[in-house]
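Undergrad: Here are the chains, one letter per residue:
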Amino acid sequence: AQTVTQSQPEMSVQEAETVTLSCTYDTSESDYYLFWYKQPPSRQMILVIRQEAYKQQNATENRFSVNFQKAAKSFSLKISDSQLGDAAMYFCAYSYTPLVFGKGTRLSVIA
Amino acid sequence: NAGVTQTPKFQVLKTGQSMTLQCAQDMNHEYMSWYRQDPGMGLRLIHYSVGAGITDQGEVPNGYNVSRSTTEDFPLRLLSAAPSQTSVYFCASRLEGGGHTDTQYFGPGTRLTVL
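Chains as they are written, first to last, in my numbering: chain A, 1 to 111; chain B, 1 to 115.
If you are wondering where the hints come from, they were derived from the structure by calculation, not from laboratory data. Watch out, some of these pointers could steer you wrong.
Stated by the list, open to error - Beyond 10 Å from chain A on every Cβ pair, some chain B residues (computed):
| # | residue |
| --- | --- |
| 1 | P61 |
| 2 | D73 |
| 3 | P75 |
| 4 | T113 |
Claimed, not checked - Pair by pair, the computed Cβ-Cβ distance ranges are:
| # | chain 1 | residue 1 | chain 2 | residue 2 | range |
| --- | --- | --- | --- | --- | --- |
| 5 | A | T27 | B | L95 | 18 to 26 Å |
| 6 | B | I54 | A | I110 | 45 to 53 Å |
| 7 | B | G40 | A | N67 | 19 to 27 Å |
Quick reminder that beta carbons are idealized off the backbone N, C-alpha and C, glycines included.
Go ahead and model the full structure; you've got the sequences and the hints to work with.
TA: Structure representation (structure tokens):
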């Protein structure tokens, strides 16, 4: 069975600094998708970024980028120029069928 | 498009009561699923459906029933509520039933408390 591991239950970052959230996964598949979701206090699940496993280029969305290492089964999220609004729970997810989530990392942003 | 909608937003039940959490999507998505979120546990899959008339169990199906009679709706039934079912429930959908390429869209969640 596919599993997703987020080894950092909590992290904090100073405003305007950069932070990296870690995620590893286990799969025997070669073609799949990986996602990072953000869950602010409003509880809404918001897609931050997604990566297609067959693409070597790392995905980027504005201040958010990933470091995808397929052989190592690693999928970390880098947030640059952190803002107070980035404070949230962040979930890494693996998609074949169905979507499998890690347990999340709670990110605090310090002003 | 309203996206994925869930009702109610909050619910309090007594042990042994039954209820149905409603989920609907207006995006003509084939795939729909239910998750529960508990502190420190992430989101765990309860049941999912790859199309109308087809459902399957996820990681934590016990105590829950689902059916998918239409593409739009995917209700989750609690037959006899237990305190262990106190949780936040999310419904989600994506376009393709059998694939894995699509982004999953989530409803706003239902916070359920069982006393």
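Undergrad: Can you name, in rising order, the numbers of the hints this structure does not satisfy?
TA: Nothing - there is no hint that the structure violates, so all of them hold.
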